[in-house]
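Chemist: Single-letter residue listing:
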Amino acid sequence: MDALLQLTGISKTYPGVTALDKVDFTLRSGEVHALLGVNGAGKSTLVKIICGAEPPDSGTMKLENQIIQVNDTADAMRHGIVVVYQERTLIPHFTVAENIMLGKEPANGQLIRRRDLHEQAERLLNRLGVEMDLNAEVIDLGAGQQQLVDIVRALRTEPKVMVLDEPTAALSQAETKHLFELLRQFKNQGIGIIFVSHRLDEVFEISDSLTILRDGRIVSSGPISEYTPARVTQDIVGHNVAKLEVEVKSTSGPVLMETQDLCSEDFNSVNLKIASGEVVGLAGVVGAGRTELLETLVGFRRADSGKIMLKGKHVQINSPEHAIRHGIVLVPDKRIEKGLLNRMNVLENLTVSSLQRYSNGMGWLQRKKLHDVATRTMDQLRIMPPSLTTSVQSLSGGNKQKVVFGKWLTWSEDVNGLIFMFDEPTEGVDVGARADMWVIIRNLAAQGAAVLVTSSDLDELMDISDRLYVMRRGKIVSEGVRRNYTHDSVLQLMMGG
Amino acid sequence: MNVGNFINRFGTVLALIIIFALFAIISAFQEGRFLTSQNLINILRQVATLAIVATGLTVAVAAGEFDLSVGQVASLTGILMAGFIVRQELPWGVSLIGALGVGLLFGLVTGSLVTRFKIPSLITTLGMGLIAVGINYAYARGDSIYGRLPDEYTFIGTGTVGPIPFVVILAIIVIAIVYVFLNYTRVGRYILATGGNPTATRLSGININKYRMIALMISGFGAALGGCILVSYLGSAQPSGADNYTMDSLAAVFIGMTTIRRGQANILGTIVGVLILGIINNGLNLVGAPFFLQTIVKGSVLILAVSLAVRREEIRFF
Numbered sequence: 012m013d014a015l016l017q018l019t020g021i022s023k024t025y026p027g028v029t030a031l032d033k034v035d036f037t038l039r040s041g042e043v044h045a046l047l048g049v050n051g052a053g054k055s056t057l058v059k060i061i062c063g064a065e066p067p068d069s070g071t072m073k074l075e076n077q078i079i080q081v082n083d084t085a086d087a088m089r090h091g092i093v094v095v096y097q098e099r100t101l102i103p104h105f106t107v108a109e110n111i112m113l114g115k116e117p118a119n120g121q122l123i124r125r126r127d128l129h130e131q132a133e134r135l136l137n138r139l140g141v142e143m144d145l146n147a148e149v150i151d152l153g154a155g156q157q158q159l160v161d162i163v164r165a166l167r168t169e170p171k172v173m174v175l176d177e178p179t180a181a182l183s184q185a186e187t188k189h190l191f192e193l194l195r196q197f198k199n200q201g202i203g204i205i206f207v208s209h210r211l212d213e214v215f216e217i218s219d220s221l222t223i224l225r226d227g228r229i230v231s232s233g234p235i236s237e238y239t240p241a242r243v244t245q246d247i248v249g250h251n252v253a254k255l256e257v258e259v260k261s262t263s264g265p266v267l268m269e270t271q272d273l274c275s276e277d278f279n280s281v282n283l284k285i286a287s288g289e290v291v292g293l294a295g296v297v298g299a300g301r302t303e304l305l306e307t308l309v310g311f312r313r314a315d316s317g318k319i320m321l322k323g324k325h326v327q328i329n330s331p332e333h334a335i336r337h338g339i340v341l342v343p344d345k346r347i348e349k350g351l352l353n354r355m356n357v358l359e360n361l362t363v364s365s366l367q368r369y370s371n372g373m374g375w376l377q378r379k380k381l382h383d384v385a386t387r388t389m390d391q392l393r394i395m396p397p398s399l400t401t402s403v404q405s406l407s408g409g410n411k412q413k414v415v416f417g418k419w420l421t422w423s424e425d426v427n428g429l430i431f432m433f434d435e436p437t438e439g440v441d442v443g444a445r446a447d448m449w450v451i452i453r454n455l456a457a458q459g460a461a462v463l464v465t466s467s468d469l470d471e472l473m474d475i476s477d478r479l480y481v482m483r484r485g486k487i488v489s490e491g492v493r494r495n496y497t498h499d500s501v502l503q504l505m506m507g508g
Numbered sequence: 037m038n039v040g041n042f043i044n045r046f047g048t049v050l051a052l053i054i055i056f057a058l059f060a061i062i063s064a065f066q067e068g069r070f071l072t073s074q075n076l077i078n079i080l081r082q083v084a085t086l087a088i089v090a091t092g093l094t095v096a097v098a099a100g101e102f103d104l105s106v107g108q109v110a111s112l113t114g115i116l117m118a119g120f121i122v123r124q125e126l127p128w129g130v131s132l133i134g135a136l137g138v139g140l141l142f143g144l145v146t147g148s149l150v151t152r153f154k155i156p157s158l159i160t161t162l163g164m165g166l167i168a169v170g171i172n173y174a175y176a177r178g179d180s181i182y183g184r185l186p187d188e189y190t191f192i193g194t195g196t197v198g199p200i201p202f203v204v205i206l207a208i209i210v211i212a213i214v215y216v217f218l219n220y221t222r223v224g225r226y227i228l229a230t231g232g233n234p235t236a237t238r239l240s241g242i243n244i245n246k247y248r249m250i251a252l253m254i255s256g257f258g259a260a261l262g263g264c265i266l267v268s269y270l271g272s273a274q275p276s277g278a279d280n281y282t283m284d285s286l287a288a289v290f291i292g293m294t295t296i297r298r299g300q301a302n303i304l305g306t307i308v309g310v311l312i313l314g315i316i317n318n319g320l321n322l323v324g325a326p327f328f329l330q331t332i333v334k335g336s337v338l339i340l341a342v343s344l345a346v347r348r349e350e351i352r353f354f
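Going down the list, the sequences are from chains A and B. Under our numbering, the first residue of the first sequence is numbered 12, with each subsequent residue one higher. Under our numbering, the first residue of the second sequence is numbered 37, with each subsequent residue one higher.
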């Protein structure tokens with residue numbers, strides 16, 4: 012097969028980080044090429060450069076042996092390079108047809124020819140072999156269908172290269188299957204597809220070849236037949252994966268939190284127990300209701316029915332403020348949206364939950380004490396750079412995560428008897444910080460806290476947990492000590508396969 | 037801090053200095069009335085009331101809320117202040133407390149609507165502004181209120197301490213108090229945190245609704261204080277005498293968001309904004325520019341300042 016898209020010596024530096032370092036990448040026509048790497052390895056930067064969203068510092072890009080210059084995404088589209096992002100880019104109350112033809116509406120002057128629009132959309136669907144109700148408003152569609160609209164729209168210009176960024180993240184298994192069937196059709200039409208994903212099973216199912224990035228460099232690349240899942244993992248993570256030896260305790264401390272038939276629109280009859288001294292893992296696919304459950308346990312969301320018992324007593328938790336008074340805290344996922352005071356500095360972030368303690372009766376802040384306690388937390392967590400006046404926006408993902416967690420260390424030095432919940436604690440953090448987070452989580456349990464962790468990274472979850480709950484579509488489908496499970500058995504429970 | 041950073045952070049302050057210098061130079065070719073101590077004090081007097089209203093509004097914007105009712109609330113409280121003294125013949129101190137109380141009440145009602153019923157403050161205060169106008173007309177029938185105001189009260193707006201107008205001193209005190217409040221107290225820090233990221237603040241165990249409420253009450257209080265000072269300066273109350281404060285103080289706060297603590301409503305920035313607006317007003321007047329040019333220039337400065345900040349992705353609205 013011919014090289015369709017060829018990148019040579021692509022480099023890109025952001026202030027403080029080399030995102031890509033002389034990367035070579037070749038995509039052939041009619042192939043699905045998986046792009047793999049941990050968060051921060053350079054995948055998204057490479058995608059941005061290919062689709063014109065960011066200019067490279069150096070390097071050349073060739074499409075069908077012609078050197079091309081893409082200055083923006085419109086430019087890339089003219090060259091036949093399109094991207095389907097993880098997030099939907101649809102107008103909710105427009106119909107499928109209107110969304111597909113958005114920006115290319117057939118019109119007499121300013122007047123849209125609705126019938127032609129519909130016909131053109133229909134012809135496009137037929138050509139692609141996709142079946143959809145063109146008159147449905149996209150807001151009424153499921154995640155898979157919505158994504159399909161985005162994909163169809165991307166394909167209306169008959170592109171040569173299509174980039175799919177984590178296309179299956181929000182899809183059910185059936186939807187994923189359907190998507191893969193379509194991708195195979197597109198492939199047969201000669202389109203080169205770049206497939207960015209974290210899910211190895213899917214990569215092996217759909218890809219013809221793969222490229223693995225680490226720290227901005229290509230570490231390996233080749234046809235899929237040369238790889239095993241083990242080798243891919245090895246290449247993605249690099250050196251030996253920091254494995255944490257966890258001793259499963261048969262006897263943990265007293266149960267600190269227990270739920271009884273907790274229900275909401277996102278989950279159903281959840282019964283779980285967390286005891287002092289243990290790390291409990293909550294496994295499940297995206298959309299299983301894990302985040303919603305955690306956020307309900309800290310009072311950020313309301314449960315419709317059921318009880319939360321703390322140390323055997325029924326309590327009503329109406330707000331995070333309330334939960335925190337009971338010693339329950341959440342280190343949320345999506346730290347930039349939910350965890351950080353983005354315009355404030357490290358000190359202000361580390362102390363925001365502790366101001367009650369470090370201010371006098373009149374409400375004056377005791378600045379010296381705040382400074383001291385924040386310094387202690389910063390040192391303890393090895394936050395880099397060690398400066399309290401740094402704006403949190405400029406920190407790396409791992410350090411941001413430490414700051415989000417650190418506010419609870421500032422809040423209470425003695426964690427014994429407290430309940431900590433972590434939602435995706437290592438999302439988008441580098442390998443070193445990831446190991447740090449694991450140690451932090453294990454230490455909390457060792458000091459007598461009860462810890463509930465949820466992560467999309469199943470290996471990680473199994474490594475750090477003493478006990479596991481598996482959640483599927485809002486229900487706890489399995490519970491037990493970790494050694495009773497294997498990676499595959501949990502995956503099967505998560506998927507319901 | 038390198039030069040680029042410095043210009044980013046203090047560019048608006050630099051603009052203030054340049055505007056000031058520009059008028060000083062232009063007026064030097066004319067009669068040179070701009071750069072006299074008399075005129076400089078005059079500028080400060082002219083901006084003092086706006087500074088107080090805008091300072092209150094800064095707290096609301098810092099908490100992530102808008103208050104589009106400050107002008108109408110100031111007009112209403114001004115009318116009430118004068119009316120309480122002239123019509124109800126109340127002592128001026130009692131009248132003042134009453135008028136300020138009305139300002140607080142407006143903030144309280146706005147805050148309740150915003151937090152309980154989850155109506156965006158932009159819409160709520162738009163409505164509350166109209167309600168203030170209605171109450172104003174109901175009370176004064178749309179007329180101005182004239183009458184003998186006590187000397188102690190008119191001193192606030194017209195008196196001087198040495199060469200300095202008392203109102204300037206009052207404004208400085210108010211600014212200082214609010215500055216210290218926002219930066220050195222727990223409640224102030226919570227207000228900033230709420231405005232910065234309400235979700236993260238709430239998950240940090242803070243009752244954000246309480247602080248949104250407090251911030252809106254401070255804004256209402258600032259508006260009321262501004263209204264009362266304006267009446268004390270003018271010696272009478274006009275039914276829509278303070279309506280301009282809505283746009284002027286919003287402009288000042290937005291200009292202020294481009295400097296000092298960029299991207300965040302901050303007191304010192306707001307003061308820079310107030311001074312820019314005040315100097316433009318005064319300077320254009322003195323150099324004999326037609327009156328309509330003032331508002332056009334003010335509007336342009338606002339758009340320019342904010343567009344620069346938005347371009348650098350420091351400010352995001354909505």
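Just so you know, the hints here were simulated from the structure itself, not pulled from any lab data. The reader is advised that the hints may include incorrect statements.
[Claimed, not checked] Computed spacing ranges between beta-carbons, pair by pair:
no.: 1; chain 1: A; residue 1: Gln404; chain 2: B; residue 2: Phe327; range: 42 to 50 Å
no.: 2; chain 1: B; residue 1: Lys154; chain 2: A; residue 2: Gln80; range: 34 to 42 Å
no.: 3; chain 1: B; residue 1: Asn78; chain 2: A; residue 2: Trp375; range: 36 to 44 Å
no.: 4; chain 1: A; residue 1: Asn329; chain 2: B; residue 2: Pro326; range: 54 to 62 Å
no.: 5; chain 1: A; residue 1: Asn137; chain 2: B; residue 2: Lys154; range: 39 to 47 Å
no.: 6; chain 1: A; residue 1: Gly120; chain 2: B; residue 2: Phe328; range: 56 to 64 Å
no.: 7; chain 1: B; residue 1: Asn78; chain 2: A; residue 2: His382; range: 42 to 50 Å
no.: 8; chain 1: B; residue 1: Phe327; chain 2: A; residue 2: Glu276; range: 19 to 27 Å
no.: 9; chain 1: A; residue 1: Ile123; chain 2: B; residue 2: Ala212; range: 56 to 64 Å
no.: 10; chain 1: B; residue 1: Ile159; chain 2: A; residue 2: Ile123; range: 42 to 50 Å
no.: 11; chain 1: B; residue 1: Ala57; chain 2: A; residue 2: Ile123; range: 53 to 61 Å
no.: 12; chain 1: B; residue 1: Phe327; chain 2: A; residue 2: Ala118; range: 58 to 66 Å
[What the hints assert, rightly or not] Once the Cα atoms are required to be at most 30 Å apart in a straight line, the calculated DSS-like pairs of lysine-lysine come out as:
no.: 13; chain 1: A; residue 1: Lys59; chain 2: A; residue 2: Lys188
no.: 14; chain 1: A; residue 1: Lys284; chain 2: A; residue 2: Lys198
no.: 15; chain 1: A; residue 1: Lys73; chain 2: A; residue 2: Lys198
no.: 16; chain 1: A; residue 1: Lys284; chain 2: A; residue 2: Lys486
no.: 17; chain 1: A; residue 1: Lys379; chain 2: B; residue 2: Lys246
no.: 18; chain 1: B; residue 1: Lys334; chain 2: A; residue 2: Lys318
no.: 19; chain 1: A; residue 1: Lys345; chain 2: A; residue 2: Lys59
no.: 20; chain 1: A; residue 1: Lys324; chain 2: B; residue 2: Lys334
no.: 21; chain 1: B; residue 1: Lys246; chain 2: A; residue 2: Lys345
no.: 22; chain 1: A; residue 1: Lys349; chain 2: A; residue 2: Lys318
no.: 23; chain 1: A; residue 1: Lys379; chain 2: A; residue 2: Lys322
no.: 24; chain 1: A; residue 1: Lys198; chain 2: A; residue 2: Lys115
no.: 25; chain 1: A; residue 1: Lys322; chain 2: A; residue 2: Lys486
no.: 26; chain 1: A; residue 1: Lys73; chain 2: A; residue 2: Lys33
no.: 27; chain 1: A; residue 1: Lys284; chain 2: A; residue 2: Lys59
no.: 28; chain 1: A; residue 1: Lys380; chain 2: A; residue 2: Lys318
no.: 29; chain 1: A; residue 1: Lys349; chain 2: A; residue 2: Lys59
no.: 30; chain 1: A; residue 1: Lys115; chain 2: B; residue 2: Lys154
no.: 31; chain 1: A; residue 1: Lys345; chain 2: B; residue 2: Lys334
no.: 32; chain 1: A; residue 1: Lys486; chain 2: A; residue 2: Lys349
no.: 33; chain 1: A; residue 1: Lys349; chain 2: B; residue 2: Lys334
no.: 34; chain 1: A; residue 1: Lys171; chain 2: A; residue 2: Lys33
no.: 35; chain 1: A; residue 1: Lys171; chain 2: A; residue 2: Lys188
no.: 36; chain 1: A; residue 1: Lys171; chain 2: A; residue 2: Lys198
no.: 37; chain 1: A; residue 1: Lys349; chain 2: A; residue 2: Lys322
no.: 38; chain 1: B; residue 1: Lys154; chain 2: A; residue 2: Lys349
no.: 39; chain 1: A; residue 1: Lys380; chain 2: B; residue 2: Lys334
By construction, the Cβ of each residue, glycine as well, lies at the ideal position given by its N, Cα and C atoms.
Chemist: For a quick check of understanding: which of the numbered hints are violated here, in increasing order?
Modeler: Failing hints, ascending: 2, 6, 8, 10, 12, 14, 18, 20, 23, 27, 28, 30, 31, 33 and 39.
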